[in-house]
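Please construct the entire structure, taking both the sequences and the accompanying hints into account.
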Amino acid sequence: MSFGAEELGDLPFIQEAGELLIRKGYGLSMDELVENWSEPFVAAGVKRARDAVMEGHVDGSLNGMAPEQRILSFVVAALVVRATGNQYAIKRFALAEAKRLEERVFQRIRSNRYDAAVLLSAIYSRILGMSLERVDRTIGPERFEVDLGLRDYLSLSSSLDASKWGIVNRVVVGGRVYMKLEDAARLLRSGIADRIERRVSSMEIPSPPAPIAEAAAKLSEEVVKTRPPPAAAAVSVSREQYPPCIRSILKRLEAGENLPHSARFLLATFMVNIGMPTDDVIALFSRSPDFNERVTRYQVEHIAGLRGGKRYSVPACPKLVAQGLCARDDTCDDIRNPISYLRRRPAGAGGGGNGGTRPGRRRDRISEDEL
Amino acid sequence: MEERGLGGEEIEFLRMSYREYYYRAASSMWIPRRLEAREVGFLTFDGGHRRHLRFSSPGELIAEILREIPWGVFYSVSLYEDPGNPEMERKGWMGADLVFDIDVKDLHPACIEEHDFYICNDGSVHRLAERPMGCRRVDWVCPMCVEAGRKEVLKLLDVLQRDMGIRPDAISVYFSGHRGFHVHVEDENLMDMGREARAQIVDYLMLNSYNIEFLEGFLRTTEDGLETLAGWPWRIAEVLRQRYGVPPTLRALEALTKGEVETAISSAVRDVAVHVDPQVTMDLSRIFRMPTSLNEKTGMMKQRCADVVACDPLKDAVAIGDYPVKVEISYAPKLQIGGYIYGPYKRTALKLPAFVAAFLVSKGVAKVIK
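Protein sequences appear in the order of chains A and B. So the first sequence is numbered by our numbering: it starts at 1 and just counts up by one. So the second sequence is numbered by our numbering: it starts at 372 and just counts up by one.
Simulated from the structure, these hints should not be mistaken for laboratory data. Heads up, a few of these hints could be off.
[Claimed, not checked] In silico DSS-like cross-links for lysine-lysine, where the CA-CA straight-line distance does not exceed 30 Å:
(1) A:Lys180 to B:Lys526
(2) B:Lys722 to A:Lys319
(3) B:Lys476 to A:Lys319
Next comes the structure, spelled out in structure tokens:
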């Protein structure tokens, strides 16, 4: 299927959206944009950028605008975010935009499941290059509507909570993972955020026109003000004394990576159990592009036993091996739990190992759970 | 390696036997595809390791094997732009085969308690349960070990093919030459999977983080509904069907188990889960034993099992010749290799075929007598 104008309004980051603008008589030159700076789509775009980066979601009021106006507001928002030059802001923007698309797909699912399946399938194939096949297969009491190749499923689900999204908790047959439409819509998020992030990062704006530069400067200022500095300094035990798995996670976190749920759980339980104050643990996660303080606080406090009473212990090494988080090196000896690493290593004797970085695809993770 | 206490004579004997094998097998050695992008590593007879070797052609690799006569030959499951670079980070990772290691020890067959033992410096031999201090454990291998491994391989193949949709011709099964099986998958589609995706595959096979409600939910159906099951829910239902002799709908199970449905499912999960070594599948910087090379733990070769049901590795993987070699054996449980049974032996000197002598010497329980 080809996307209609209404759909392109919600897919403003793809090439066909740009083509629609040209068909509707909107040139895309920077000069033209600046000349039209008083148009409503500009204000909507500047707000869209701010909402996405600072609030983590895009205002639903956009939905009432004509498709080309929505696309234009995205273009303005993307230019502003790009002009901040701040990779964290770009990631936040991409994630919020991906969530917006997801919400639009959910609305479609609620109104017409058949149409939604066609649309989802088109989004998977045209944007992600993945084949989401429509099926009608009943397995036991469950009815599945779509399936996706195992390899593609793994790449989209890797940062999601394994208790729901791990393939062990999915029906996998013949190399295809069976799903309902809602799951297929949710699974899009990381792949779409990745596409948007790449799209925005690749925009070249050598000398942004004054209005864009101003909006970007304002947004930049706000981002810097609210995004706390690296929290590593707040840690009382020196970082070299952490076991390699923890050092590896901290490194990834600092590189702006959205960590899988399992990695976040490990980091939080470890820090809570070595006695790091809850606020400091939360601050660690604030480096994450999908940081949501409210949710993180709730989860960290839960882990610390401040809610519900039970304090969670650090997962044992075999579990971490199974989750792909173990970065064991010679310094680990035969400890069974990362927490034992500190007990057996006197201060300053950490050394060894480089945090266990491995080859492989590590980028592009966006996590469902905000912890 | 030193802990086996191999002396000069023993090393010399093994080396000579390996040389004879590698010269004989040179033209039929298995060579990994895209060899030029693989790291090759040798375990040498002085106990050292030579890693980060790069060969641009099969001839070059075989020439080096014949020159070095390594104790073990390994190749990287990963493909690299610069496989010879000693720094892992700089090799330029391009993808990796998907491999699985089934180690019989992890399957805990009853035979292990019977034949594995500890041998101490004073020559005394102890059963596993005694766990003597400062003594060396000797792992043995018997047909029951092979059967345990074979059963697990068949479970693995079923999941890889039926669930993961991997074509049978992309899968090769090997006996490791010691006490396990290696399963290699060469599927271009799966090559670029990183560590975490592989961890997911392992988690699927081992059913480590399965959600009981997920499995239970599939049984909340009619008898006809059970016929539509697939993947793990299907395997679990089949085990329960055999165990209770009725179609295992949730309703039927609740009555039969007196409400202990979850316990019944957990027990079925233990039956169907596939036990692989997670690290081997996930570790992309690992070098893996090369098929048709000899295993330093036994002198047998890593041998293809083209027909998993029918292959007889303890016979087929014998690679060293059968010329007689005189050995003095401190202790050896019964050993069945090459189609015959040898032993058990205790403080004996006798002539044995070279491949049996090589096995016992490699295990550190026999000395060569000139």
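Outcome of the hint check:
Pair hint Lys180 of chain A plus Lys526 of chain B holds up; C-alpha atoms about 29 Å apart against a cutoff of 30 Å. For the given pair, Lys722 of chain B sits about 49 Å from Lys319 of chain A by alpha-carbon distance, which is inconsistent with the 30 Å threshold. About 19 Å separates the Cα atoms of Lys476 of chain B and Lys319 of chain A, which keeps this hinted pair within 30 Å; it holds.
Hint compliance for this structure: hint 2 is the single one not met.
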